[in-house]
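Chains as they are written, first to last, in the working numbering: chain V, 1 to 106; chain P, 1 to 408.
No lab work stands behind these hints: they were computed from the structure.
Accuracy of the hints is not assured; some may be wrong.
Under the rule of at most 27 Å between Cα atoms (straight-line distance), these lysine-lysine pairs were calculated in the BS3-like manner [said to hold, decoys possible]:
no., chain 1, residue 1, chain 2, residue 2
1, V, Lys64, V, Lys89
2, V, Lys60, V, Lys89
3, V, Lys64, V, Lys19
4, V, Lys19, V, Lys60
5, P, Lys148, V, Lys30
6, V, Lys30, P, Lys80
7, V, Lys64, P, Lys55
8, V, Lys30, V, Lys89
9, P, Lys148, V, Lys89
10, V, Lys60, V, Lys3
11, P, Lys55, P, Lys148
12, V, Lys19, V, Lys89
13, P, Lys80, V, Lys89
14, P, Lys404, V, Lys30
15, V, Lys64, V, Lys3
16, V, Lys3, V, Lys19
17, P, Lys55, V, Lys30
18, P, Lys80, V, Lys64
19, V, Lys19, V, Lys30
20, V, Lys64, P, Lys141
21, P, Lys332, P, Lys141
22, P, Lys141, P, Lys80
23, P, Lys332, P, Lys55
24, V, Lys64, V, Lys30
25, V, Lys3, V, Lys89
26, P, Lys404, P, Lys332
27, V, Lys30, V, Lys3
28, P, Lys148, P, Lys80
29, V, Lys30, V, Lys60
30, P, Lys148, V, Lys19
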Amino acid sequence: MAKITYIEHNGAEHTLEVKSGLSVMEGAVKNNVPGIDADCGGACACATCHVYVDDAWLDKTGEKTAMEESMLDFAENVQPNSRLSCQIKVSDALDGLVVRMPESQH
Amino acid sequence: MEKNDAGVMIVGAGHAGGTAAALLRQFGYAGPITLVGEEPLAPYQRPPLSKAWLKGETDAESLALKPDSFYEEAGVALLKGEHVTAIDRTARRIVLASGATRPYDILILATGARARRLALPGADLDGVLVLRSAADAEALKARLGPGKRLAVIGGGYIGLEAAASARALGAQAVVLEREPRLLARVAGQTLSDFFTAYHRARGVDVRLGVQIEGFVGEGEVRGVRLAGGEIVPCDAALVGVGAIPNSELAEAAGLDCDNGVVVDLEARTSDPAIFAIGDVTRRPLPHYGRVARLESVANALEQARQAASAITGRPAPAPEVTWNWSDQYDLKYQIAGLPFEADAVVTRGDPATGRFALFHMAGEVIQAVEAVNAPAEFMGGRQLIAQRRPVSRARLADPSVSMKEVAA
Ligand SMILES: Cc1cc2nc3c(=O)[nH]c(=O)nc-3n(C[C@H](O)[C@H](O)[C@H](O)COP(=O)(O)OP(=O)(O)OC[C@H]3O[C@@H](n4cnc5c(N)ncnc54)[C@H](O)[C@@H]3O)c2cc1C
Ligand code: FES
């Protein structure tokens with residue numbers, strides 16, 4: 001279990017308890033948090049689950065795969081702290097995680 | 001915003017219907033929402049049924065679009081296991097199999113498509129299966145495992161994914177394809193050859209140009225009979241020969257249909273009170289100046305956004321370039337666009353390396369891209385297709401020029 005705060009582009013905050021083993025993307029989508037579209041359902045095929053990870057958490061969220069890196073390369077408004085949220089697995093170690101959403105996923 | 005007592009009725013609780021219900025609430029729709037579906041489950045994702053779920057890598061909970069609790073919390077009345085038999089457009093109500101009726105102010109048809117079956121001798125034997133629903137997938141999985149033999153009829157994506165998943169579960173797999181190549185309806189020769197070789201190298205018996213005459217067995221399927229009499233033994237036969245739109249309700253109600261319910265870019269049908277979204281529709285593709293019926297999650301989601309936007313008075317979302325994906329073994333296959341009017345194919349990378357992309361060109365403009373383990377080519381290609389920007393074929397074909405540079 002981890003408490004995760006999702007911040008929409010317009011500033012709206014959603015803090016949720018997300019079960020370990022789910023992805024950060026699933027935590028948002030299953031709770032109908034707007035701003036993460038996740039068209040491919042977590043297959044790392046769409047890049048519509050783009051988030052910015054708060055710098056303090058970058059290390060704990062793990063390394064990007066080459067696949068994720070290439071997908072992100074072409075997403076809109078990419079920053080050094082950009083991640084595909086379907087590729088971040090939730091665990092107790094992520095308790096307190098804060099992610100922000102880009103203006104648009106499409 | 002239109003808002004009345006009966007609110008929005010969504011028929012078909014699949015990927016499109018479930019998404020439309022959730023988006024209506026996200027977009028601030030406050031009226032009643034009813035979601036009626038004939039399956040016993042809340043809306044779920046089908047793509048993993050032939051991929052990660054079939055291999056046992058994800059569970060049923062992760063298939064669900066939303067947890068069951070969502071519907072009550074969001075005020076969406078979810079009627080499961082209810083088949084809708086008719087639409088009464090004059091009275092603005094739908095009729096359930098029980099004879100009960102439900103009113104609507106706005107109706108969204110999201111009835112999807114069903115797997116085509118083969119009218120051949122023995123097609124009703126146990127173990128002759130199709131793969132569309134979670135129940136279908138359970139039946140298939142129950143028949144796979146070490147030592148079991150799966151015969152796949154039809155070399156399309158779903159059949160090939162099932163064959164790859166069967167191999168992962170330790171089963172044997174044979175693919176029986178009528179055409180001289182795999183993926184004949186959807187891919188070019190290079191890709192057909194690539195997938196044929198990839199499956200064969202992983203122990204799948206791919207047989208091309210074979211005609212099927214029926215299924216044999218007593219009660220249970222034991223084999224597939226080919227023209228000429230040969231019997232291919234199997235413990236399960238998966239028929240993967242395409243899908244048919246569930247447009248009968250719309251046809252009977254007199255809505256414009258043409259192999260699918262005809263809709264506009266708001267996903268509205270010929271009746272302004274009725275929208276249709278997902279696999280059941282025939283829709284405009286503004287990028288190509290055509291209409292087509294698409295079967296993909298991206299299409300279902302785009303049309304759910306179009307309908308939810310129109311119903312809540314939001315500006316229409318910008319049209320998207322259609323896309324799709326498939327997972328087989330360690331291959332991630334991604335497609336964007338459609339190869340209409342393409343006059344040449346540019347190959348980037350070497351198929352022999354298992355990492356390449358094919359660009360379908362109309363002159364200097366990319367119409368479609370098929371990428372195998374090549375996410376940059378997929379993403380960059382999708383952008384270039386959307387922008388309709390001319391690109392140099394020579395640079396596109398040269399992997400030493402990065403996709404970023406090609407797209408620059
Ligand atoms: C095995 C498999 C793998 C796939 N893989 C991919 C993939 O990798 N990528 C991709 O983009 N797409 C894939 N697809 C396609 C994708 O799942 C569909 O495009 C998508 O589900 C379409 O959504 P839909 O809501 O239009 O239809 P569906 O999800 O089929 O939902 C329609 C629902 O309506 C119900 N219904 C129909 N008629 C009635 C009625 N009269 N009354 C009540 N309920 C009714 C049906 O039972 C069904 O539950 C795959 C499909 C399958 C089957
Ligand atoms: S959900 Fe599609 S890439 Fe993350």
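Q) Among all the numbered hints in the text so far, which are the ones the structure does not match? A) Hint check: 5, 9, 13, 14, 18, 20, 28, 30 fail, others pass.
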